[in-house]
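Undergrad: Protein chains in written order, with our numbering: chain A, 3 to 561; chain B, 9 to 336.
These are computed hints drawn from the structure, not numbers from a lab. Some clues are possibly wrong.
FRET-style restraints, in silico, Cβ to Cβ [said to hold, decoys possible]:
1. B/V22 to A/E522: 53 to 63 Å
2. A/L320 to B/T280: 34 to 44 Å
3. A/T427 to B/G69: 24 to 34 Å
4. A/E526 to B/P89: 25 to 35 Å
5. B/V76 to A/R23: 58 to 68 Å
6. B/P96 to A/G245: 39 to 49 Å
7. A/F231 to B/E282: 36 to 46 Å
8. B/N94 to A/D195: 42 to 52 Å
9. B/Y115 to A/I193: 31 to 41 Å
10. A/K194 to B/N94: 29 to 39 Å
11. B/S290 to A/A467: 33 to 43 Å
In this text the structure is predicted, and so the values were computed from the model without any measurement. Glycine is no exception: its CB is placed at the ideal position from the N, C-alpha and C atoms.
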Amino acid sequence: MSATSLEPKTEPHKSPATEDRPWTDYFTFQTDHKVIAIQYFVISFVFYLIGGAMATAMRGELATPNPDLLGYDNYNGVLTLHGTIMIFLWIVPAGTGAFANYLLPLMIGAKDMAFPRLNALAFWILPPAGVMLIVSLVTETPQAGWTSYPPLSVTSGQLGEMLWILSLLLVGTSSILGAINFITTIINMRIKDMTLFDMPLYCWAMLATSILVLVSTPVLAGALILLSFDLIAGTAFFNPTGGGDPIVYQHLFWFYSHPAVYIMILPIFGLVSDILPVHARKPIFGYRAIAYSSLAICFLGLVVWAHHMFTSGTPGWLRMFFMIATMAIAVPTGIKVFSWVATIWGGKIRLNSAMLFAIGFISFFLVGGLSGVMVASVPFDIHVHDTYFIVAHFHYVLFGGSVTGIYAGLYHWFPKMTGRMMNDTWGKVHFVLHFVGFNLCFFPMHILGLQGMPRRVVQYNPEFATLNMVCTVGSVLLAISTIPFLINAVWSWLYGPKASANPWKALTLEWQTASPPPIENFDEEPVLWSGPYEYGIDFDREADELSVRDLLAEVKAEM
Amino acid sequence: MKIPSAIITLLAGVAITLISLWYGQNNGWMPVAASQEAPLVDGLFNTMMTIATALFLIVEGAIVIAIVRFRQKTGDNTDGPAIEGNLPLEILWTGIPVVIVLGLSIYSFEVYNTMGGLDPMASGDPGIQQVAAKPGAAIAATLDEPAPKMTHMHNHMALGVGASPGTQGKPADVEVKVTGLQFAWLFNYPASGVISGELHVPAGKEVQLDITAQDVLHAFWVPQFRLKQDAIPGRTSQLRFRPNLPGTYPIICAELCGSYHGAMQSQVIVHTPEEYDAWLQSQIASKNAGENTVAMVSSELSDRDRLALRTADLGITEDILAQVHSHQ
C-alpha cells in the first residue's frame with residue numbers, strides 16, 4: 003500500500019456501536035463529542051432561523067420610510083434580539099462549539115475531547131440562555147441594542163435587560179468552558195506523530211480563538227455583572243446620575259466584543275483553509291504564514307477595542323493609537339486572503355457546493371476587510387460611525403464571512419457527520435440565491451450610510467427609500483435561500499446516498515475513519531500518512547488508489 | 009501567435025490602475041460637502057476607495073480567472089501542482105499592505121490633526137461629572153441656563169474635534185451649547201441667550217459646539233459636515249468646524265437613545281453672515297418682547313409648541329413640559 007493511500011483500513015468493519023446509537027441520544031446529556039457537536043449544530047441553526055426571521059421583519063419594516071410594520075414599540079427589541087441571537091447563539095456556537103467539537107478530536111486522531119463531561123455541560127448551558135431571550139419576546143424585550151450601552155440599558159426596562167444580561171452570562175460561561183476544552187485537547191491529545199505544524203489549520207485557528215475567549219470573556223462577564231447592579235440595585239458604576247461613567251462600560255464591553263469578532267471569524271478562516279485545498283487539489287499556500295497570522299490576529303485583536311469608540315468619550319491620542327493598531331490587522335488578514343487565492347490558483351477546482359461557498363466566503367470577506375481598513379481611519383470613521391456603512395461592513399464580515407463559511411463547512415463535512423451525501427444541485431441553487439440575495443441586501447447599505455442614514459432607526463428620510471427597497475428585496479432572497487438548504491439537509495440526512503469514508507479524497511485524519519465515525523472515532527489507531535495538505539505530490543496516486551480499491555474489493559469478496 | 013502573458017498582465021495592471029483612480033475620485037457616494045473639514049475627509053475617503061477598488065479588482069479578478077481557468081477538466085482526476093508557498097511572493101504581499109496601512113495611518117493622522125482632532129483643549133478627557141438630573145426625570149432639567157454647570161469645572165477641556173492648528177487657543181466665532189435629550193436637540197447661544205430647536209450658523213465663521221446630554225447617550229451628526237460626536241451625560245464634548253456652504257442640512261442622532269431614536273432629527277441652517285445676524289437679532293427681539301417661553305425659531309411656532317408637537321406622540325406629558333418650563 004502506498005504511503006499516500008487514502009483508503010482507510012477501518013472501513014470494512016464498521017463499528018456496530020455507530021449503528022446502534024438511538025436518536026434519543028441527541029436529546030440527552032451525552033459526552034460523545036460528535037453528539038455534542040450535532041446538538042450544537044441543530045440548536046444554533048434553529049436560533050439562526052429565529053434571528054433570521056427577525057432580520058426579515060426588520061427589513062420589512064425598513065422597506066418604507068415610515069414606522070409601519072414593527073413600529074416604535076417593537077423595533078428596538080427585535081433589533082437587540084436579532085444582534086444578540088445571531089452573535090451569541092448562532093455564529094459563536096456554530097463556528098466554535100459545533101465545528102470544533104466535531105472536528106478537533108477527529109483531526110488530531112483523538113478519541114474524544116479532553117474533558118467530555120465539561121464539554122456536555124458547556125453545551126447544556128446554551129439552551130436556557132436561548133430560552134431566556136425567547137421569553138423576553140413575550141414579556142419585555144431588551145431595548146438597548148446588543149451593545150447595551152448605559153444609561154439607556156439601565157433606564158429602559160428592568161426585566162428585559164436582566165434577561166439579556168443573564169442570557170449573555172450563561173453563553174459566556176459556555177464559551178469559556180468550551181475554550182478550556184479546546185486548548186487542552188489541541189495541546190495534549192494529538193496522536194504522537196503529529197507536531198503542532200502537522201495540524202490542520204482549523205486546529206490552529208481554534209487555538210487562537212480559544213486564547214481570545216479565555217482572555218476576553220471574563221471581562222464581559224465583569225461588565226455585565228456591574229451593569230446588572232446598576233440595573234437592579236441602584237448602584238452607579240456606569241450610571242452618570244450617581245457619578246458613574248458610561249464610557250467605562252464601553253471600554254469593558256468592547257474589550258470582549260471586539261475580540262468576539264475574531265472569535266466569530268477565526269474558526270471560519272480555519273474551515274476555509276481546510277476546504278479550499280481539498281477541492282482545488284492543491285496544498286494550502288503558505289501553511290506557516292496562515293498559522294502564524296491567526297496568532298497575530300489573536301494578539302492584535304486584543305488591542306484594538308476602542309476603535310468602536312472613535313466618536314465616544316475617547317481622547318485624541320487614544321483614537322490615534324487604536325487607529326494604527328487596527329490598521330495593522332489588515333496585514334495578517336491580507337496574508338490569509340492572498341494565500342487562499344494562491345491556493346486555488348493553478349489547482350484543479352471541483353466547483354461543488356462546499357467549494358462555491360468557500361470561494362464565496364473569500365469574495366465577501368474581501369469587501370468586509372477593505373471597508374474595515376476604511377473605518378479604522380479616525381477622520382473617516384467619525385463620519386460613518388453608527389451608520390449603515392457600519393451595518394454593511396460587519397454584515398460583509400459576519401454574514402458574508404462567517405455564515406457563508408459555516409455553510410461551506412456544513413456542505414464539506416456533512417457526509418462525515420451523517421454518512422450521507424448532500425444533493426449538489428440544490429446546494430448550487432442555495433449558493434446562487436445566497437450570493438445574489440446577500441449582495442443585494444448589504445452592498446447598498448454602504449452608500450446609504452455614507453449618504454447619511456444612521457443605523458438602528460425604525461424610520462428614515464424618504465430620499466433613501468429606493469436603496470432600502472433594494473436591501474429588503476435582497477433580504478427576502480436571503481430568507482428564501484435557506485429553504486433549499488434546509489430541505490436538502492433534512493432529506494439527505496434521511497435518504498441521501500451513502501457516503502464513503504472519504505468522498506472528497508482529503509488527507510486530514512477525520513477522513514480516515516468511517517462516515518459517520520464510530521463512537522471512539524477510530525477503530526484502529528490512525529496513522530499519519532502525510533501532512534494535511536500534501537496534494538499533488540504522488541502523481542501516480544490515481545492508479546495506485548484504484549488498485550487499493552480493487553484489492554479491498556477482492557478482500558471483501560473473499561470474506 | 010499568442011500574446012505573451014507578461015504583456016497581458018501589464019495591460020491588466022494599467023487598466024486596473026486607471027479604473028481605480030477614476031472610480032476613487034468619481035464614486036459619488038458622499039453627500040454634498042458643506043464645511044471646511046468635509047473635503048479633507050472626502051479626499052481621504054477617495055484615496056481609500058482608489059486603493060480598495062484596485063485590491064477588489066485584483067483579488068476578485070484572480071478568483072474569477074481561477075474558477076474559469078483552473079476548473080477540473082472532465083475526466084481529469086489528478087491533483088494540481090504541489091506548490092506549498094513562494095517566499096518572495098509572500099514577502100511582497102505582506103510588505104505592500106504594510107506600506108499601504110502605514111501610508112493611510114499617516115494620511116489619516118494629518119487629516120485628523122488639520123481638522124483639530126489633536127487640539128489639546130479638545131482631546132483630553134476631563135472625566136465624568138455627576139449629572140444633575142434624577143433618573144427618569146432627565147428631561148426636567150433647565151432649558152435656558154447658559155451652560156451646563158460642569159463645563160466650568162474643568163476649564164473648558166472637552167472631548168472631540170477642536171480647533172485646527174491655525175486657530176488653536178483662540179475662541180471660536182460662534183459658540184453654541186448643544187444638549188441632546190430624548191428625543192430632541194436644544195441649541196443654546198450663550199452670548200445672546202437665544203435658545204432654539206434648530207441650529208443656525210453663519211457660513212465662513214468658525215463654530216464651536218459644546219455637546220452634552222441630559223438623559224442617555226446621543227450622537228450629534230451632520231453628514232454634510234462629516235462630523236459626529238457622542239453626546240454623553242456627565243461629560244462635555246466638542247465639535248469645532250467652519251461651515252462654508254449656505255443651505256439646510258439634517259442633524260441626526262446617531263446613537264441608539266430609545267424608542268423614538270429614529271425620529272430624533274433636527275436641522276442645521278447655514279446662513280450667509282448677514283442672514284445669520286438678521287436671524288439672531290430677530291431671536292433676541294422676540295426674547296426681549298417679553299415672551300416668557302423660549303425663543304422663537306424661524307417658523308411661527310415657539311419652541312414650546314414645537315416640543316409639544318414633537319413630543320405629543322412620544323409619551324411626554326404636559327406635566328413634564330410644565331416642569332421643564334418651570335425651571336426658567
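Undergrad: Compare the structure with each hint and give your call.
TA: Checked hints:
Separation of B/V22 from A/E522 is about 60 Å and conforms to the stated range, judged on CB atoms against 53 to 63 Å. Distance hint check for A/L320 and B/T280: the Cβ-Cβ separation is about 38 Å, which falls inside the suggested range of 34 to 44 Å. Separated by about 28 Å at the C-beta atoms, A/T427 and B/G69 satisfy the suggested range of 24 to 34 Å. Remark: the range hint 25 to 35 Å for A/E526 to B/P89 is upheld by a beta-carbon distance near 33 Å.
A beta carbon spacing of about 44 Å between B/V76 and A/R23 contradicts the range 58 to 68 Å that was offered as a hint. For B/P96 and A/G245, the hinted distance range of 39 to 49 Å is not satisfied, since their beta carbons lie about 59 Å from each other. A hinted range of 36 to 46 Å is violated for the C-beta pair A/F231 and B/E282, which are about 56 Å apart. Between B/N94 and A/D195 the C-beta distance comes to about 28 Å, which lies outside the given range of 42 to 52 Å.
A hinted range of 31 to 41 Å is violated for the C-beta pair B/Y115 and A/I193, which are about 51 Å apart. Taken as a hint, the range 29 to 39 Å holds for the pair A/K194 and B/N94, whose Cβ atoms sit roughly 32 Å apart. Checking the proposed 33 to 43 Å range against B/S290 and A/A467 shows it holds: the Cβ atoms sit about 36 Å from each other.
Violated hints, listed in ascending order, are 5, 6, 7, 8 and 9; each of the other numbered hints is respected by the structure.
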